[in-house]
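There are 2 protein chains.
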Amino acid sequence: MVTTPLSSQPAPTLSPLNVPQRLLLGPGPSNVNPVVLAAMNTPPLGHLDPDFLGIMDEIQTLLRYVWQTQNRLTYAISGTGTAAMEATLANAIEPGDRVVVCVKGYFGHRLVDMAQRYGAQVHAIHQTWGQPFSKESIQNAIETHRPAVLAIVHAETSTGVRQPLEGLSDLCQAHGTLLLVDTVTSMGGVPIKLDEWGIDLAYSCSQKGLACPPGASPFTLSDRAYAKLQKRSGKVPNWYLDATLLEKYWGSERVYHHTAPINMYYALREALRLLAEEGIENAWERHQQNAEYLWSQLEAIGLQMHVAKEYRLPTLTTVRIPEGIDGKAIARRLLLDYNIEVGGGLGELGGKVWRIGLMGYNSRPENVDRLLQAFKEVL
Amino acid sequence: MVTTPLSSQPAPTLSPLNVPQRLLLGPGPSNVNPVVLAAMNTPPLGHLDPDFLGIMDEIQTLLRYVWQTQNRLTYAISGTGTAAMEATLANAIEPGDRVVVCVKGYFGHRLVDMAQRYGAQVHAIHQTWGQPFSKESIQNAIETHRPAVLAIVHAETSTGVRQPLEGLSDLCQAHGTLLLVDTVTSMGGVPIKLDEWGIDLAYSCSQKGLACPPGASPFTLSDRAYAKLQKRSGKVPNWYLDATLLEKYWGSERVYHHTAPINMYYALREALRLLAEEGIENAWERHQQNAEYLWSQLEAIGLQMHVAKEYRLPTLTTVRIPEGIDGKAIARRLLLDYNIEVGGGLGELGGKVWRIGLMGYNSRPENVDRLLQAFKEVL
Chain L
1 MVTTPLSSQP APTLSPLNVP QRLLLGPGPS NVNPVVLAAM NTPPLGHLDP
51 DFLGIMDEIQ TLLRYVWQTQ NRLTYAISGT GTAAMEATLA NAIEPGDRVV
101 VCVKGYFGHR LVDMAQRYGA QVHAIHQTWG QPFSKESIQN AIETHRPAVL
151 AIVHAETSTG VRQPLEGLSD LCQAHGTLLL VDTVTSMGGV PIKLDEWGID
201 LAYSCSQKGL ACPPGASPFT LSDRAYAKLQ KRSGKVPNWY LDATLLEKYW
251 GSERVYHHTA PINMYYALRE ALRLLAEEGI ENAWERHQQN AEYLWSQLEA
301 IGLQMHVAKE YRLPTLTTVR IPEGIDGKAI ARRLLLDYNI EVGGGLGELG
351 GKVWRIGLMG YNSRPENVDR LLQAFKEVL
Chain H
1 MVTTPLSSQP APTLSPLNVP QRLLLGPGPS NVNPVVLAAM NTPPLGHLDP
51 DFLGIMDEIQ TLLRYVWQTQ NRLTYAISGT GTAAMEATLA NAIEPGDRVV
101 VCVKGYFGHR LVDMAQRYGA QVHAIHQTWG QPFSKESIQN AIETHRPAVL
151 AIVHAETSTG VRQPLEGLSD LCQAHGTLLL VDTVTSMGGV PIKLDEWGID
201 LAYSCSQKGL ACPPGASPFT LSDRAYAKLQ KRSGKVPNWY LDATLLEKYW
251 GSERVYHHTA PINMYYALRE ALRLLAEEGI ENAWERHQQN AEYLWSQLEA
301 IGLQMHVAKE YRLPTLTTVR IPEGIDGKAI ARRLLLDYNI EVGGGLGELG
351 GKVWRIGLMG YNSRPENVDR LLQAFKEVL
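Chain order of the listed sequences is L and H.
The first sequence begins at 1 in full-length UniProt numbering and counts up one residue at a time.
The second sequence begins at 1 in full-length UniProt numbering and counts up one residue at a time.
This is chain L alone, in the form it adopts within the complex:
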């Protein structure tokens, strides 16, 4: 066979990749530990190679440690955090299920939209962007709706609020409700203990507290959540994220499901290994200390934090944009003149706050100093 000539389009001519070096102090991605980045530059193995299967087992063990869970079904979803979010809902919800979603920021709204697509009867409860829910308001919603699933964000990336989760599992279990928690901006940087707190479904991402590039995302199901999945009458309406198929690849059967993003799994394994080497409680402490240093330095130049200190995330800080200042223009100058990325406000907080992340490898005093120096110059 001789290949026929092209009909139309000529080949584009491009230069080799050339990327500026930025300090990523926005809501994520954050900078990657160089050891993890180097692991990306490792030749791929086959997705059923015994050596690769061993790496998958290590990822499972390390994720259980970082999340403090014994859940058998604890592995990575082959996509970014949003895919892992969708995986929890797709597997937990059957059409017609009542689901209570606690909305106190952008990602609560996303949970509502996703849950509806999976046929849930969603009851959203709302809290001001910048405050956590009280236990009483959640209790009311559970008692009123007796939902199959209660979904709540631990660390709202859009507001910088840490939602206390202790005590919710008792309420949930008393009403046959599964507790589903977004730990995207908490995993690796904010204390979280899935089993002690009775969390049934959780997801996260790789590019924040884990200091890994985005593309492979932590996911876990408790035995209670698995029991609901086993009893569902129809197939999970999402093939790629179907946990009944994924467990056959991640578990002992090793049945081919999809080609894993091999190099992303290398990086995730290394990121988790380094976190275990540091010790998860030391990582939590480091994030807290550096965040407190950031807050004191920002306050010293007259800036105000949006969230009360008690509920402020150590990983992501929302800083109020002072009156008369064009927040977007400042962020653009920081990016283009100083190579520092900070985030703008999202949704209700658009134009009102900057979002400053100190996550994973970036949670270090010298990054606070570099940011503050730049802030002083541009403000």
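There may be inaccurate statements among the hints.
Here are the simulated distance ranges between beta carbons [said to hold, decoys possible]:
#1 L/Y311 <-> H/Y256: 22 to 30 Å
#2 L/P34 <-> H/V378: 36 to 44 Å
#3 L/E299 <-> H/N339: 39 to 47 Å
#4 H/D57 <-> L/A329: 21 to 29 Å
#5 H/G251 <-> L/D223: 38 to 46 Å
#6 H/E323 <-> L/Q21: 58 to 66 Å
Hints in this document: simulated from the structure, not taken from any laboratory.
Fair warning: this is a prediction, and the values are worked out from it, not measured in the lab.
Every residue, glycine too, gets a C-beta built ideally from N, C-alpha and C.
Given the coordinates of chain L, work out where chain H should sit on it, guided by the hints.
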């Protein structure tokens, strides 16, 4: 806040990542061009950084070239090829739509399963594993069922068959049917011209003909497919893969949807750039020549190909396992003693064939020689 001590699990202790170097001559992933692999080791940018948005534009331009299409909606899905497969179905199908799936191998069955999950009334037609469909049998199915979508695999990774696609679009358009094509094992290695052949929806992967790691997967929609999407009555029942949301991120609006797998996009951009530099028609010709060399060398040691030469893929060859030979044991020896991966049979061809890929960077005569030397020693 002082972080509370851990309740239970101690930190696992692991050595740094240590991965053997394999020559990946199975059905994929294949080895990655070192330039592409090095691009993975580039610090991430933010997913809304102007420099990153420029890279996304380049990916779109390059994908249009490699697929030979002008489709505006041509971009990468942030997952592996299976996610891109699901993206085409999730966006094309509305509940109750009739869908004809041409099943002549494992991935046809996967299309059936996925399409059913999106509420399609699926009519599968079947062909022997190892042969293509005739145009007549497809015409019959279209005339009988008048489906909304006809789904067919161009290059069946499980059988090594190339399905001729020329002429199908006339049949489809005459009956208001969208033509959906799996190009996972053809893109970059087997001639394909989406616009000339009137293909409405297509998907692929990065880890075969493109010589990139897996994790970011080509996806495209024609104007006809987009028109159907615009008219649907409900939301796409998959949030992560919803093309109406994705176009706002990939298009001029630049609305945040999900955090792209930044480093995977770097790699995909470089892999596509190198393919454009080689020239897509030269890449097709190279794959054909090296495959013919492989076939002649395998025949010279007495092995038989499973597929007639006319329909044999240049990217993936199915070789019959001779009587009395334990195919699995041979593959295992090649892997562990020679660091060469070849694939076993899948589904109906389990135990009957080896699957040998010569894809992307691996399509080179020296790889054929190395494989043949090893084959001669183990057989």
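Hints, one by one, checked against the model:
Between L/Y311 and H/Y256 the beta carbons are some 24 Å apart, a value that agrees with the proposed interval 22 to 30 Å. Between L/P34 and H/V378 the CB atoms are about 41 Å apart, so this pair conforms to the stated range of 36 to 44 Å. Between L/E299 and H/N339 the beta carbon distance is about 58 Å. The supplied range of 39 to 47 Å is therefore violated. Checked against the given bound of 21 to 29 Å, the beta carbons of H/D57 and L/A329, roughly 24 Å apart, stay inside it.
Between H/G251 and L/D223, the C-beta spacing of about 44 Å keeps the proposed range 38 to 46 Å intact. Roughly 60 Å separates the CB atoms of H/E323 and L/Q21, a value that falls within the hinted 58 to 66 Å.
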